[in-house]
Amino acid sequence: MLEKGKISNRQAGWLLVNTILTTSILFLPSMIAREAKQDSWISIVAITLLGLLAALLITSLGKRYPRQSVIQYSRIILGKPLGTLVGLVFVLFFLYINSFVIREFSEFVLTLFLTKTPLVAVTIAIIFVSAYAVRSGLEVLARVNELILPIVLLMVILSLLLSLPDMDVHNLQPVLARGWFPVIKGAYPAAIFFAETSVMLMLIPFLKESKRATSAALKAVLVVGLFQLLVILGVTTQFGLEVARIKFPFLAMTRYISVFDIIERLEPTTMLVWVMGGFIKISVFFYCAVLSSAQLLNLKDYRPLVLPLAALLVLGSIVLWDNVLELSWQIARSIIPFFLSVEVGIPLLLLFLTRIRELRGRKI
Amino acid sequence: MYRFLVRKLYAAVNRFQRTTLSEEQTGSTPLYRDLKANLYRIENTLGKSGDVVFREFSIGLETPMRAALVFIEGLANRSTINDNILNPLQNYFRTVPLQDSASPCRQLRDSVLCNSEVRETETLEKLLEELFMGNTALLFEAHSMALIINTQGFASRAIEEPDTEAVVRGPREGFTENLRTNTSLLRRKIRNPKLRFEHLSIGTITGTKVCLAYIQGIASPELVVEVRKRLTRIRIDSVLESGYIEGFIEDAPFSVFATVGNTEKPDILAGKLLEGRLGIIVDGTPMVLTVPHLFVETLQTSEDYYTRPFLSTMNRWIRIAAMIATTGLPAFYVSLNTFHPEMIPSVLLVTMAAAKEGVPLPVMVETLFMAALFEAMREAGVRLPRPVGQSVSIVGALVLGEAAIRAGFVSAPTVILTGITAITSFILPAMADAFPLIRVFLVLLAGIFGLYGVLLGVLIILIHLVGLRSFGVPYLSPLAPLVPSGLNDVLLKTPVWAQIIRPQALTKLNPVRVRPDIPHPDPEEGESGA
Chain A
254 MLEKGKISNR QAGWLLVNTI LTTSILFLPS MIAREAKQDS WISIVAITLL
304 GLLAALLITS LGKRYPRQSV IQYSRIILGK PLGTLVGLVF VLFFLYINSF
354 VIREFSEFVL TLFLTKTPLV AVTIAIIFVS AYAVRSGLEV LARVNELILP
404 IVLLMVILSL LLSLPDMDVH NLQPVLARGW FPVIKGAYPA AIFFAETSVM
454 LMLIPFLKES KRATSAALKA VLVVGLFQLL VILGVTTQFG LEVARIKFPF
504 LAMTRYISVF DIIERLEPTT MLVWVMGGFI KISVFFYCAV LSSAQLLNLK
554 DYRPLVLPLA ALLVLGSIVL WDNVLELSWQ IARSIIPFFL SVEVGIPLLL
604 LFLTRIRELR GRKI
Chain B
4 MYRFLVRKLY AAVNRFQRTT LSEEQTGSTP LYRDLKANLY RIENTLGKSG
54 DVVFREFSIG LETPMRAALV FIEGLANRST INDNILNPLQ NYFRTVPLQD
104 SASPCRQLRD SVLCNSEVRE TETLEKLLEE LFMGNTALLF EAHSMALIIN
154 TQGFASRAIE EPDTEAVVRG PREGFTENLR TNTSLLRRKI RNPKLRFEHL
204 SIGTITGTKV CLAYIQGIAS PELVVEVRKR LTRIRIDSVL ESGYIEGFIE
254 DAPFSVFATV GNTEKPDILA GKLLEGRLGI IVDGTPMVLT VPHLFVETLQ
304 TSEDYYTRPF LSTMNRWIRI AAMIATTGLP AFYVSLNTFH PEMIPSVLLV
354 TMAAAKEGVP LPVMVETLFM AALFEAMREA GVRLPRPVGQ SVSIVGALVL
404 GEAAIRAGFV SAPTVILTGI TAITSFILPA MADAFPLIRV FLVLLAGIFG
454 LYGVLLGVLI ILIHLVGLRS FGVPYLSPLA PLVPSGLNDV LLKTPVWAQI
504 IRPQALTKLN PVRVRPDIPH PDPEEGESGA
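Just so you know, the sequences run in chain order A and B. Going by this note's numbering, the first residue of the first sequence is number 254, and it counts up by one from there. Going by this note's numbering, the first residue of the second sequence is number 4, and it counts up by one from there.
What the hints contain is simulated information worked out from the structure, not anything from laboratory work. There may be inaccurate statements among the hints.
Here are the simulated DSS-like cross-link-like pairs (lysine-lysine), alpha carbons at most 27 Å apart as the crow flies [claimed, not checked]: (1) A:259 / A:369; (2) A:553 / A:333; (3) B:11 / A:553; (4) A:464 / A:257; (5) A:257 / B:232; (6) A:333 / A:257; (7) A:464 / A:369; (8) A:472 / A:461; (9) B:212 / B:129; (10) A:257 / A:461; (11) A:259 / B:511; (12) A:500 / A:259; (13) B:11 / B:129; (14) A:461 / A:259; (15) B:511 / A:257; (16) A:464 / B:232; (17) B:359 / A:369; (18) A:461 / A:290; (19) B:11 / B:232; (20) A:316 / A:500; (21) B:192 / A:461.
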């Protein structure tokens, strides 16, 4: 085994929550609101249901091979050459999505908090910290997350509670004024966030109870959906139709908070949520990338790969996109089919093939 | 790079040890039959030291037999020797004849010597070792054997309340430098046959007595074996304080966080043993080591368990807040000032800007400078004699604080902040060695990356902390990995009757502390049940 540590199902669920939640809290509200307007919350409910389905699909595939990751069992299912190809696709996917997240992360930190710092410095700093966590292993990552997630969730709840005075429920009306189509169209970009349960394809072999991974993943998706719903409701009731035009509605919401004119400008809380949660997200994808490439290359230890891949991620996150506009265009539109086909499409195919093989095996 | 340095350091240490610390031969030299020769040899081995006393005399009236007492002045109690050894030896044989002059030891031990502990020895090394412990050796003419009589009675400090762990409520006694006193203090707390003391001798020159204390049936056997193994592995010439032992047995010698705890109070040690920990009592120091040592222990004090739960819980949170303040506040201040002034509330911003008017140093340098100054004053306050110590505080408060602000060398907010940092740092004395370093680390990061840097620094510290282990137990347990049943002694301090099981990370044996079937005070009857 490459990874000697085992994590509990709760730890895995918590990792999943932080992985999906952090970025989606910041980016999703305005992405959905662009199409769904005041009905964004219905989109979230719909996409959460789909997210549950995706989680079910991914974990039921993983549970069939409780001691192996997708890189290893795709070779069994598809044969060596084709399986290796699928493994390569996953490695590239993890690297690509992580470059994406890192660029998102750095741009956010840069534009809002460190306007004069060069992009590369911010990127290198976060990748360095992530590399340290990844090198220390999955157990360490899961434990750090156990400390971070409660803080992140507490900060989100706190920001929502303190914004209560600025909220107006009438902003949610009229409900479904333009029918269901905009709602579904709005839900579309949210799909890639909920499909991030695909990291479970790599993590299931390291769970203490791999057989019960489904419930952990489903609970995680539900928690994410709930918080997502709360945030969307919060920003929609506060800003109404403006949400679509604000890049980071959650950040804007925390900026408006003012309690007795003393507690105000609570951006540090957003900063905290973003850096802490973003760190977990980046580290989880980084870990998946490192582990999957080690498995693809049949290495005995994944740690020699950490630094080279870290360098690759720094490079990728800076070179692949010219500016933020390109990045946000991709995340909203063009990248979604590719991500979804890797995150959900390939597992669906693999599950389909295993089922067929199982059924055929039973007949014989 | 770091690992490389560590490896180099280990290699250097190993090479050095091989050349210098040759194992001493602990041979066994039998005693002669000739009394004079024995005494001569003892005197020579000790290099004619002035504190060794030889007292020769005769036993019996009809067939007198030459004998001699040897003891070390100051270690042995003279009145015990006079009253319980010499007196009976001289007087007893006035009436009773010496039964068997060929082997007098038996008669002496059985019916003459009025002492609770009399042993025999036949080797010179054993005899010398007993002498150094304050015992007295009785040698006879024509016998290659000596009686060792317990006469320990050296001066030692009385049992006092320790300065380091003062309490408002709770026992006031503290450990002393005497190992025996310390074990007795612990026995008096835990009257149970399962309380075990394992003795070892560490230090090839000093031969310091070290005692491993634990409760059989509560401490996990694997842990006991592990600690014993680490203790017996130590090869060093001297052990002058328990810190020497700590350095050898700790899991992470290159971490700023201590993975071995220490205490000066028997009630605290008893509490730790009852949680499944082990104590290492070292002769010559009141500081007793406890292992495994977890991070949450620094947030706990003995008084939490003696006072009512509401106050204890509040104190826990004050300590957590103090921990965050003393490590993070200066960094937060620096990052807000240098990178994010827009985040400071407007009213406060104006005041702070006015205070900073004309201050020459950048905020980061100013903060580091004041922090260094405070550390210097603290160190000076500890080292200086008490009367002089006061002048340090006057100079610190008036000259450095007040005058520096007036002169415009430092800004008032920085001084206030250094003050808060200083006060909060005293709330967690156990972390006093780690926190100043963390503070500087975070301030430096704040100077480079602002809040972003501070958060990254916190993440690095967290990653380091969750990866640490103390004797196999995760350092941040029960927070990470989360053990929900353990949180009632970390974030909350529930009443004693609600702390039903022992910390699960430490031991799985004998988990029930409180019998849950015995009802706790019923709220209906007017008692506060919480």
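Status of each hint after checking the structure:
no. : hint          : result
1   : A:259 / A:369 : violated, 42 Å
2   : A:553 / A:333 : holds, 19 Å
3   : B:11 / A:553  : holds, 26 Å
4   : A:464 / A:257 : holds, 18 Å
5   : A:257 / B:232 : holds, 25 Å
6   : A:333 / A:257 : holds, 25 Å
7   : A:464 / A:369 : violated, 50 Å
8   : A:472 / A:461 : holds, 17 Å
9   : B:212 / B:129 : holds, 15 Å
10  : A:257 / A:461 : holds, 12 Å
11  : A:259 / B:511 : holds, 20 Å
12  : A:500 / A:259 : violated, 39 Å
13  : B:11 / B:129  : violated, 41 Å
14  : A:461 / A:259 : holds, 6 Å
15  : B:511 / A:257 : holds, 23 Å
16  : A:464 / B:232 : violated, 39 Å
17  : B:359 / A:369 : holds, 23 Å
18  : A:461 / A:290 : violated, 43 Å
19  : B:11 / B:232  : holds, 25 Å
20  : A:316 / A:500 : violated, 39 Å
21  : B:192 / A:461 : violated, 41 Å
Hints 1, 7, 12, 13, 16, 18, 20 and 21 from the list above are not met by this structure, while the remaining hints are.
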